[in-house]
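Peer 1: Here is how the chains run, residue by residue.
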Amino acid sequence: MKLRLRTRVALGFAALSLLVAGTVSVATYAFASWYLVDQRETTALTRAALDSRAAGAYLEAGSTPSVALDQIPTVGTSQPMILQDGTWYTSAVTVPPDQLPPDLLEIANPDGARQRFAIAGDPFLAVAIPMTSGMYVEVFPLRDLDRTLTWGGWTLVALSAIAALLGALIGATAVGRILRPVQRLGDGARRITGGELSTRIDLTGDPDLDPIASSFNEMAGAVQTRIARERRFSANVSHELRSPLTSVLGTAELLEGGRDHLPEREAGLVTVLVEQVRRMSHMLLDLLEISRIGADDPPQFESADLATLCRDVVSSRGLDPDLVLGDRPVVRTDARRLERIVGNLVDNALHHGGGLVQVVVQRDPDLVRIFVDDAGPGIDESLRERLFEPFARGETGGHTNGAGLGLAIVREQALILGGDVTVEASPFDGARFVATLPAGQAGP
Amino acid sequence: MGTSRSAMVVEDDDAIRLVLRTNLEDEGYRVVEAVTAEQALVEMIDERVDVVLVDLRLPGIQGLDLIRSLRATSQVPIIIVTAQTDSHDVVAGLEAGADDYVTKPFVSKELMARIRTLLRRASVTDDEPQQLVCGPIELRPDTAEVLRNGEPLPVSRIEFFVLAELIGARGKVLTRDHLLRKVWGYGTAGDGRVVDNLVYRLRSKIEDDPAAPELLMTVRGFGYRMKA
Numbered sequence: 000m001k002l003r004l005r006t007r008v009a010l011g012f013a014a015l016s017l018l019v020a021g022t023v024s025v026a027t028y029a030f031a032s033w034y035l036v037d038q039r040e041t042t043a044l045t046r047a048a049l050d051s052r053a054a055g056a057y058l059e060a061g062s063t064p065s066v067a068l069d070q071i072p073t074v075g076t077s078q079p080m081i082l083q084d085g086t087w088y089t090s091a092v093t094v095p096p097d098q099l100p101p102d103l104l105e106i107a108n109p110d111g112a113r114q115r116f117a118i119a120g121d122p123f124l125a126v127a128i129p130m131t132s133g134m135y136v137e138v139f140p141l142r143d144l145d146r147t148l149t150w151g152g153w154t155l156v157a158l159s160a161i162a163a164l165l166g167a168l169i170g171a172t173a174v175g176r177i178l179r180p181v182q183r184l185g186d187g188a189r190r191i192t193g194g195e196l197s198t199r200i201d202l203t204g205d206p207d208l209d210p211i212a213s214s215f216n217e218m219a220g221a222v223q224t225r226i227a228r229e230r231r232f233s234a235n236v237s238h239e240l241r242s243p244l245t246s247v248l249g250t251a252e253l254l255e256g257g258r259d260h261l262p263e264r265e266a267g268l269v270t271v272l273v274e275q276v277r278r279m280s281h282m283l284l285d286l287l288e289i290s291r292i293g294a295d296d297p298p299q300f301e302s303a304d305l306a307t308l309c310r311d312v313v314s315s316r317g318l319d320p321d322l323v324l325g326d327r328p329v330v331r332t333d334a335r336r337l338e339r340i341v342g343n344l345v346d347n348a349l350h351h352g353g354g355l356v357q358v359v360v361q362r363d364p365d366l367v368r369i370f371v372d373d374a375g376p377g378i379d380e381s382l383r384e385r386l387f388e389p390f391a392r393g394e395t396g397g398h399t400n401g402a403g404l405g406l407a408i409v410r411e412q413a414l415i416l417g418g419d420v421t422v423e424a425s426p427f428d429g430a431r432f433v434a435t436l437p438a439g440q441a442g443p
Numbered sequence: 000m001g002t003s004r005s006a007m008v009v010e011d012d013d014a015i016r017l018v019l020r021t022n023l024e025d026e027g028y029r030v031v032e033a034v035t036a037e038q039a040l041v042e043m044i045d046e047r048v049d050v051v052l053v054d055l056r057l058p059g060i061q062g063l064d065l066i067r068s069l070r071a072t073s074q075v076p077i078i079i080v081t082a083q084t085d086s087h088d089v090v091a092g093l094e095a096g097a098d099d100y101v102t103k104p105f106v107s108k109e110l111m112a113r114i115r116t117l118l119r120r121a122s123v124t125d126d127e128p129q130q131l132v133c134g135p136i137e138l139r140p141d142t143a144e145v146l147r148n149g150e151p152l153p154v155s156r157i158e159f160f161v162l163a164e165l166i167g168a169r170g171k172v173l174t175r176d177h178l179l180r181k182v183w184g185y186g187t188a189g190d191g192r193v194v195d196n197l198v199y200r201l202r203s204k205i206e207d208d209p210a211a212p213e214l215l216m217t218v219r220g221f222g223y224r225m226k227a
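Line order of the protein sequences matches chains A and B. Position one of the first sequence corresponds to residue 0 (numbering that gives the first Met the number 0), numbered consecutively onward. Position one of the second sequence corresponds to residue 0 (numbering that gives the first Met the number 0), numbered consecutively onward.
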């Protein structure tokens with residue numbers, strides 16, 4: 000999976016910060032530890048030299064090693080010891096003499112030999128200085144130094160981690176700032192897609208970003224102009240088509256009115272003429288309707304008695320209104336659009352579904368369903384969704400004729416009313432179209 | 000059908016004018032034709048017409064201005080016959096004073112039925128049950144007159160019948176759909192803006208302050224109600 004840009008940049012910044020802080024920390028640690036150890040060793044060496052000289056002086060004056068050791072001022076926690084004639088003398092027992100590193104005495108020299116060693120994990124520094132009579136050894140504990148260095152090391156690790164986190168934060172913030180104009184572009188594009196064609200992006204005065212915003216605005220302007228032009232064109236086409244169609248339809252209907260007085264041959268022709276002109280008229284109106292649905296005609300919600308509306312629709316098609324069954328809910332909806340929906344579904348059943356079996360109104364708590372069952376062979380599951388596309392053609396039995404725009408209009412109108420339309424198998428083997436609507440409030 | 004009824008058709012498309020004329024004559028109307036708005040205004044001086052059909056897109060004076068001019072002097076029912084697809088035009092026509100509209104291509108039978116409803120209802124004299132009174136407003140069903148504080152109000156017949164419906168059911172909400180079917184003669188669901196517009200006009204006549212109505216109330220999302 001590809002990580003988000005923001006995450007990637009944050010990780011990059013974190014890695015960079017960690018690298019820089021880590022390098023600095025390691026260098027600091029190395030230097031500090033070298034410096035502190037060196038300092039401590041020099042101090043120890045100086046001190047051991049002084050002490051050995053003092054002890055040597057006492058021994059030469061005839062003191063026993065134990066007395067000589069007692070005379071050495073024990074500063075801090077160092078432990079002096081003297082080896083004389085194969086015997087170790089020491090005033091403390093923190094470090095037993097047999098625990099000293101074995102090669103210490105071999106490398107001992109008048110300038111002082113140093114060696115670090117550990118007893119049970121505790122670090123020590125031993126300094127050996129030969130005296131005229133015997134060997135002087137002083138052991139310095141390094142535990143506090145070791146602890147200081149450990150603590151300092153962890154502090155540096157923690158600081159490096161904080162630096163990495165800060166880096167990530169700065170990276171994420173920076174990307175956020177860079178992405179904000181991009182997000183504005185995205186929002187603008189979404190609004191335009193949603194129909195707000197007059198959406199423009201404000202210029203911010205940033206010379207890097209403004210060209211992008213300007214290009215976007217130019218594009219939006221071009222789209223708006225083009226859509227306005229096409230809308231005008233379709234309005235003009237519609238106007239130009241409507242006028243002749245009106246006179247043809249009107250004339251055809253007048254001829255139909257006088258059909259009884261016509262000879263049989265002409266009467267038949269008039270029937271064909273009227274049918275076809277009506278078909279054309281419906282087609283044109285459907286085409287105009289679907290091209291402008293919702294454009295400048297917001298739904299007008301009002302309480303409507305669904306059962307009565309369905310009965311009106313059914314009886315206006317010359318069918319028995321008792322084909323409408325079920326509940327009698329009163330819902331808030333746009334009656335004109337709902338009548339189109341039910342009317343188109345009933346027409347679809349009549350013309351493409353082998354006839355109308357029944358219309359069932361069903362009230363559920365939150366929504367209302369209107370079932371329109373036809374007497375056709377049903378619709379194959381794979382074709383059901385395509386049925387609602389403009390000029391879709393069913394390929395099974397009864398749906399061989401182009402259904403035209405009727406079902407596409409139904410779907411669009413239903414969406415405007417906050418509902419939807421689907422198709423499934425009816426209990427009568429045909430197709431069942433289901434219009435779902437929000438129930439809204441019933442009654443004033 | 001009384002032969003005294005007359006209709007004016009203002010339409011520059013000869014074919015459509017002929018279709019309208021033939022349909023109206025078949026229904027028994029005397030038809031006055033006008034090709035332009037100017038001609039229509041001249042004809043209106045001499046002729047008494049009971050209903051006017053107006054195309055919105057006319058040469059010279061536009062349909063909208065014609066409707067305004069007619070409305071300034073007359074309460075005659077005006078029906079827009081339009082090929083305009085833009086619903087702004089329809090709304091503008093209704094605001095200019097039209098009472099209803101049909102879009103081309105229309106079904107002649109439907110249009111004739113609506114005209115018949117408008118005119119038939121205007122001559123109902125006997126079956127109005129009671130005197131209709133609501134506050135300062137009084138309806139005289141016998142003469143289709145409306146009085147406000149005893150003074151006659153100039154209302155169109157459609158306005159009269161909308162008032163009659165609302166006052167007859169006063170206190171109850173009537174939906175736009177109900178009014179469209181009862182008053183305008185719609186057989187199918189119609190455009191509620193036709194009702195809204197007429198109510199707006201009515202308010203400017205019967206209310207003290209049309210912007211804050213006290214008699215004819217809007218019930219948002221349901222319809223209109225007359226004060227009980």
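Treat the hints loosely; a few may be bogus.
So these bits of chain A aren't anywhere near chain B, every CB distance computed over 12 Å [to be verified]:
(1) 165
(2) 248
(3) 335
Just the calculated beta-carbon pair ranges, DEER-fashion [what the hints assert, rightly or not]:
(4) A:261 with B:44: 35 to 45 Å
(5) A:193 with B:207: 41 to 51 Å
(6) B:41 with A:274: 38 to 48 Å
Derived by calculation from the structure, the hints in this document are not laboratory data. On a predicted model such as this, the values are computed, not experimentally measured, just so you know. Virtual Cβ for every residue (Gly too), placed ideally from N, Cα, C.
Peer 1: Now tell me if each hint is right for this structure.
Peer 2: Against the structure, the hints:
Taking the minimum C-beta to C-beta distance to chain B, about 57 Å, the non-interface status of residue 165 of chain A holds against the 12 Å cut. With a least CB separation of 5 Å from chain B, residue 248 of chain A falls inside the 12 Å interface cut-off, contrary to its annotation. Here residue 335 of chain A does not stay apart from chain B, with its beta-carbon only about 4 Å from theirs, under the 12 Å limit. For residue 261 of chain A paired with residue 44 of chain B, a C-beta distance near 42 Å keeps the hint of 35 to 45 Å intact.
Evaluation of the 41 to 51 Å hint for residue 193 of chain A and residue 207 of chain B yields a pass: the beta carbon distance comes to about 43 Å. A hinted range of 38 to 48 Å holds for the C-beta pair residue 41 of chain B and residue 274 of chain A, which are about 42 Å apart.
Violated hints for the displayed structure, listed by number in ascending order: 2 and 3.
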